[in-house]
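Undergrad: If you count the sequence shown from 1, position 118 lands on 118 in this note's numbering, and the numbers rise without skipping.
Just so you know, not all the hints are guaranteed correct.
[What the hints assert, rightly or not] Derived DEER-like restraints, expressed as beta-carbon distance ranges:
hint: 1; residue 1: Q201; residue 2: T27; range: 31 to 37 Å
hint: 2; residue 1: E66; residue 2: Q201; range: 20 to 26 Å
hint: 3; residue 1: F190; residue 2: G112; range: 19 to 25 Å
hint: 4; residue 1: P20; residue 2: W108; range: 39 to 45 Å
hint: 5; residue 1: V118; residue 2: R197; range: 31 to 37 Å
hint: 6; residue 1: L151; residue 2: W108; range: 49 to 55 Å
Hints in this document: simulated from the structure, not taken from any laboratory. Fair warning: this is a prediction, and the values are worked out from it, not measured in the lab. Ideal placement from N, C-alpha and C gives every residue a C-beta, glycine not left out.
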Amino acid sequence: MLATASVAITHLGSSSLLVPLSALYATALWRRHSAPMAMRWLLALAVCLGVMVVLKLVGHGCGLPEFPLYEALFPGDRFISPSGHAAFSAVFYGSVAALAARNADSRWLRLGLPAAAVALVLAISASRVVVSAHSRAEVAVGLLVGGLSVLLFLWTSRKDRAPRLRTPLWLLGIMAIGLALLVHAGDPSFVEAVIRRVAYQLAYHVQGGGLCAFAGLPLPGHPG
């Protein structure tokens, strides 16, 4: 039961689900005469995903350097590829909930929506550890990147008037069907595999040390 629930929850942070939802969200903001806010949302999303791609490339190609706080908080945890599920779910659900709360009429909604988003993101992040996709350290870094991206979006859009966005029933239905298909058939995302292959090519097949030399890190298996 726990394994089945974890698989269902973890897919809520999958790029296969969140990429189309992010496109729909940006479109909804744009159509509600909030083009600047849509652009700021896309900027925050691009920053989040861009940082994650860089960290994953360095991690897979060269290995991420450990630091004292990491060793103290997560002794023995692997630290190779930060969790994209944690980062993507944090920036998407966090931004949507914060924007909805800004416009909510009820005080309970203004508090409840962000709290619900935090609970959902933490559940998705915990599921990544349960299904052995990531370590606690990798999830923590993903949450940090996603959380900072939410703050970037909120800070850049603090003077914008938040539009009232209603979620139609058909969209909720599509989300439910998409999640059911992911749970049944598995996540078709190939992003991690592509990043791993690209990282290897950049680390070992580029003259002058490539990715690792640029990052100031030794090639794995080579003395620093």
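Undergrad: Now, for every hint given, state plainly whether the structure supports it.
TA: Each hint, compared with the structure:
1. Q201 - T27: 31 to 37 Å: 35 Å Cβ-Cβ, so the 31 to 37 Å window holds.
2. E66 - Q201: 20 to 26 Å: Holds, at about 25 Å.
3. F190 - G112: 19 to 25 Å: Cβ of F190 to Cβ of G112: about 37 Å, so the range 19 to 25 Å is violated.
4. P20 - W108: 39 to 45 Å: violated, 30 Å
5. V118 - R197: 31 to 37 Å: Given a distance of about 34 Å, which is inside 31 to 37 Å, the answer is holds.
6. L151 - W108: 49 to 55 Å: violated, 23 Å
Hint compliance for this structure: hints 3, 4, 6 are not met, and every other hint is.
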